[in-house]
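Take the given structure of chain A and dock chain B with the ligands to it, following the hints.
Residue numbers (this note's numbering), protein chains in the order written: chain A, 1 to 282; chain B, 1001 to 1140.
If you're looking for bench data, these hints aren't it; they were derived computationally from the structure.
Fair warning: there could be bad hints in the mix.
Stated by the list, open to error - Partial list, computed: chain A residues near chain B (C-beta under 8 Å):
| hint | residue |
| --- | --- |
| 1 | Q38 |
| 2 | T39 |
| 3 | P41 |
| 4 | D42 |
| 5 | D157 |
| 6 | H159 |
| 7 | E199 |
| 8 | E202 |
| 9 | T205 |
| 10 | R206 |
| 11 | M207 |
| 12 | T218 |
| 13 | R220 |
| 14 | G224 |
| 15 | Q226 |
| 16 | A254 |
Bear in mind the structure is a predicted one, so any value in this text is a computation, not a measurement.
The C-beta atom is built at its ideal place from N, Cα and C for all residues, glycine as well.
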Amino acid sequence: MSINRRQFLKMVGVSTVVGIGGTAVFNGLRNSGLEAAQTSPDPRTLTAKRWGFVVDTSKLQSDEDYQKCIDACHSIHNVPDLSGLPEEIRKRQEVKWIWTDNYERTFPTAPEDEYQNPELKEKKFFLFCNHCAQPACVRVCPTKATFKRKDGIVMQDMHRCIGCRFCMAACPFGARSFNWRDPRGKDDNGKPFVNPEKENKEYPTRMIGVVEKCTACTERLAKGMQPACAEASNGAILFGDLEDPNSEVRKIIATKYTIRRKPELGTQPSIYYVIGGGEHAG
Amino acid sequence: MYDSGKIIAGLIVFVLLVTFPFISNMGKASAKPKPSIDTPVINEMAVKKCVEPKEFMRAEHMQLLNNWRDSVVRNGDRIYVNTAGQSYNMSLQNTCMNCHSNKKKFCDECHNYMAVNPYCWSCHIQPKEQPNEQPKENML
Ligand code: SF4
Ligand code: SF4
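Chain A on its own, in the form it takes in the complex (with noise of 0.2 Å):
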């Protein structure tokens, strides 16, 4: 029996649909007579070669600007509120997914003068986790819980983190933070860390003992949203493909000045900071 050219692409075409061209990742299903079961992206999902971001803080004017994005992030999240312990126990356990910082402790290593535009030593920075192109935090963790996606996003799958830390001291840029404390738990006041009444039922928690870190929204992402922070920004905070010449973050990196942190250091962060921004820079 012979097919001729249009069976043959109609036979291609209907496999491809059905899946054999398709993930057949379920490989445990097979005995059970559930090959057909297949797993696809959602197709709303927002794609990219290497998402990157470009802050520029000049948009933001107050400190609650700052806040909002902040608060965004923390509260979708349910990034455990540590406020209520006492100071001295909060620095060293806090968890913070994006946070601030002025300009000394955001580029320690940039070049400086006592000549630079001094608004910019009192300017404060946005600083969340770099989705470095080369992440020396994928590097060291021994269980591969932190790994990079196909998207550049650098990712944390708390199923399989132990706790080690190693990613932690890896990192250059204090982008991890260790759940030093059940965030379900309460502080000595009763107030719980991650409160009941405003926690997002979508989204799950973290268990003590685990690494977490920002994530890039990749469940937003998936659902056709910009990263949290970004849509709360106000501009201040972009996201885009960095491989992608027309992007919009692409265009800002090649017509105004942009610095990274510790580029010296070959992680490749992918966050762009626009630096000055006032009607003399470009």
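Positioned in the frame of chain A, the structure of chain B with the ligands alone reads:
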């Protein structure tokens, strides 16, 4: 024989002690677990169907959940197309528990009987067990 009284009494006490758990439980075989599917969302379903057939879910749900986890967290694939061709968002917290909002009467029922203690709930937030939950989007 010396002290036979004491020895026999001791033996009786010993045998009683050792067999006490068995004797005291005699006739009261602990009830077989009966996981309940009486939840608002399930009750509203015209055809009460899980993502895969009941027998499969009963035997393999842990395997399925492991696969779901790896698929979502590690590959970023969040959609499960089941053997009947229907699509689901792979999420314990948002899909499974949306229907099975009665964790105590559903999950715990068998897990307690089998004395297994899965640590899903150290991180995943379990549904508040009240009858008036809001149904969430789960089918795509
Ligand atoms: S900033 Fe730190 S945690 Fe984030 S990818 Fe780079 S090395 Fe890893
Ligand atoms: S603490 Fe967790 S994520 Fe970090 S290196 Fe150890 S296992 Fe990997």
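Quick rundown of the hints versus the structure:
{"no.": "1", "hint": "Q38", "result": "holds (4 Å)"}
{"no.": "2", "hint": "T39", "result": "holds (4 Å)"}
{"no.": "3", "hint": "P41", "result": "holds (5 Å)"}
{"no.": "4", "hint": "D42", "result": "holds (5 Å)"}
{"no.": "5", "hint": "D157", "result": "holds (5 Å)"}
{"no.": "6", "hint": "H159", "result": "holds (6 Å)"}
{"no.": "7", "hint": "E199", "result": "holds (6 Å)"}
{"no.": "8", "hint": "E202", "result": "holds (5 Å)"}
{"no.": "9", "hint": "T205", "result": "holds (6 Å)"}
{"no.": "10", "hint": "R206", "result": "holds (6 Å)"}
{"no.": "11", "hint": "M207", "result": "holds (4 Å)"}
{"no.": "12", "hint": "T218", "result": "holds (7 Å)"}
{"no.": "13", "hint": "R220", "result": "violated (12 Å)"}
{"no.": "14", "hint": "G224", "result": "violated (12 Å)"}
{"no.": "15", "hint": "Q226", "result": "violated (17 Å)"}
{"no.": "16", "hint": "A254", "result": "violated (29 Å)"}
The structure does not agree with the numbered hints 13, 14, 15, 16 stated previously, though it agrees with the rest.
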